[in-house]
Amino acid sequence: MAQMKFYCDAERCIECNACVTACKNEHEIPWGVNRRRVVTIKDGEQGERSLSVACMHCADAPCATVCPVDCFYTTGDGIVLHDKDICIGCGYCFYACPFGAPQFPEQAAFASRGKMDKCTFCAGGPEEDHSSNEYKKYGRNRLSEGKLPLCAEMCSTHALLAGDADVLSDIYRKRVINRGASAFEWGVNQLKS
Amino acid sequence: MIQYLIDGPLWYFSLAVFFIGVVWQLIAVVFTGNKADLSVPRDSAASGAIKTFFSRFVPHREIAPAIMLPVVAGYMFHLGLFALLFFAAPHVVFLEENLLGFGWTPMPHWAFIVAAQFAFFGLIVLWLRRLVNPVSRLISTLDDHIAAILTFVVMLTGCFALLEGSTGLRLLHRFTVELWLIYFPFSALMHTFTFVPSRMLTGAWFGRRGVDA
Amino acid sequence: MLSLVLTLAFGLQLSSADASNIPPQKPNVPDGVSALNPGSDLWREVRRRDGVGEFNEVNQGVLVKDLLSEIQRSRQVPQGISQVNQVDSGVMINAKGRRWAAFRMTTLASYSGIALAAIFVIIITFYVVRGKVPIEGGLSGNMVKRFTDYERITHWTLAVVFLLLAITGLILLLGRPLLIPLFGKEAFALLASASKEGHNLFGPLFLVSLIMMLISFARRNIYEKGDLTWLLKGGGLIGKGHASGGFFNMGEKTWYWMVILIGLVISISGLILVSPNFGQGRLIMELMHIVHAVSAMILIVVSVGHMYLGSIGSEGALEGMKTGYVDINWADAHHDRWGKHCHEEDLIVSAEEYARMQGQPADSAEPAMEQGK
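Just so you know, the sequences run in chain order A, B and C.
For the first sequence, the tail end lands on 193 under the working numbering, and the numbers increase by one without skipping.
For the second sequence, the tail end lands on 213 under the working numbering, and the numbers increase by one without skipping.
For the third sequence, the tail end lands on 373 under the working numbering, and the numbers increase by one without skipping.
For the record, the hints were derived by calculation from the structure and aren't laboratory data.
Here a beta-carbon is modelled for each residue, glycine too, at the ideal position from N, C-alpha and C.
Careful, some of the hints might be misleading.
[Claimed, not checked] Selected chain A positions facing chain C (in silico; Cβ < 7 Å):
id: 1; residue: N17
id: 2; residue: V33
id: 3; residue: V39
id: 4; residue: T40
id: 5; residue: I41
id: 6; residue: G44
id: 7; residue: I86
id: 8; residue: Y95
id: 9; residue: A96
id: 10; residue: Q107
id: 11; residue: A108
id: 12; residue: H158
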């Protein structure tokens, strides 16, 4: 079985936010919910870097640990999904998640947030594949069509990659070698090399 | 099966019981009649009726301090219940789709919750007073307690279903509403309608006799 | 490439040659060339670590202290920015969430369960050993007024709201380990959804009834001179003989102030948790959740003791909150100073007079409730 992973290359991401837009469009996500976002560190300073962040489908997901109703499950492909029929919209997964991936349609008083929504790695949800219920609740199920997540598929600089962890780490390794520096030792700035 | 029953036949049955029962009761009130008052009227009965109807919304000055708690709690409960019954978004949508065919602007969600809190607080305080105060405990009948508890349960199940995310909780709320509707015409809950003729009748008597109260 | 390596080497040589106070991880290199690995730079920024020395501090120390310092720090130096304008959307990684989750699911849930089980075991043991504490000399039938209607309504309103909140809160905290194995996920999801909505709606009512409680009972609960003796005597629960007490004894006063103070903490943290619309970040929510849960558990556990002492634990105690009147012998036994005051002021109501006030014929012992039907 494959281990599905996202990888975002900080040396390639140009903060174009196309992944965000593509995701919203593909899954027809409501206003106020952003399954993916681009975070820029040290904006306007030397060493500015951007990374596209969404659910990283952790092997030992904190959201699944903390959920009071145990609505999360991991698929055979290592994708963390949740069941919206069970979700009670308490928001604890958002507090526990390191990446801020869980999203809620509202942020209204009396904690009425609605049911949680997050990146599904374009793998739908527990509903029947390609059913209208699945699309309404979880968005498009591209994985079952043999396609990878759209955000990564259409990234113009190939900064965002999605797929089997082995394949991704091969690509990453090649890139690192090409830059002439290891990620674990003092390297040089790729832009100047 | 249960869903079909609650959403279908039981709903129409309870509505029928509610409407027929209420109309029946009101007609009965109208046709009960009173012994003709043969005395010479000292003042207008109509003006007395209207005056008393409105003056009874406020407690009499002498007894106001003693009954401040039930008055305030009563207003909290009734206004809160009215607001959440007719201006909560899910209720407006329900009435539009199932009964009336037209809707109106609902309250924002937070106002709905605040109204519900007012209603809950008022109801809890009023029911506890009924139990705690020796006089109101004595004059309370079983019907009063059932009416209070049933209303509380209807509101509580409504509050439980606030997420509007599960059929089970919606059905539970609707089921308790149906029980409440069926119970309504045969109980003290009828005061929703009968308080108007009751007050006005008293007022008319007072007016006719020239009592200023 | 070769020129770069040369410059770098030259730069490093220079730095080590002329300055000993420059840290070794920041070599002095010519402008435009960052000698540090940009990836590790970014990582340090994201994980909020200043330097190598802080690495060991991760996952150590008190979580609350960590959260507080991180809240303060993220105010001063925001982690990043994002075009997505949402709560915490500029935070790439919040490393505290995982520790909070672990705290909630292991420490908090297990200690809460143990504390709840323990208090019930303690109370049952106490009841078996000590039994219902009787009034010396039995009930006299002569009563004295203790609480007004308003005070009793306040008490019971707070009690009803507190119980609703405690039960729904415990369902949310302990439901996953205890109830999901019993009911299954789907059924429990209904219960949990109902609990969550009920908890959020009733929460503010707790604050309202708490304020009513504060207004009507505060004056009589101020500590006074005789209270220390009560404590030294073990409150009459341990050992023989009753401890001296005024209108409220020291135990009741302490419970009252616990309710007020812990209740306020619970209410305020709860209000912060229940209004995500004001844009407080995850760190504040995590902190507030810990404060809310821990203080609520303390109050719940102690309240079980209060309920025991107010009902089956002590003869004649429940009467005060039920009817507003207590037996004069009970007052003498548990609140001797107040009892003495009642004797002096002649506030005692005879048994017949009391029965009449409760709407009963003087000779009948039937409860008043039966009459209304």
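Structure-based check of all given hints:
no., hint, result
1, N17, "holds (5 Å)"
2, V33, "violated (9 Å)"
3, V39, "holds (4 Å)"
4, T40, "holds (5 Å)"
5, I41, "holds (4 Å)"
6, G44, "violated (9 Å)"
7, I86, "holds (4 Å)"
8, Y95, "holds (5 Å)"
9, A96, "holds (4 Å)"
10, Q107, "holds (5 Å)"
11, A108, "holds (5 Å)"
12, H158, "violated (17 Å)"
The earlier numbered hints that this structure contradicts are 2, 6, 12.
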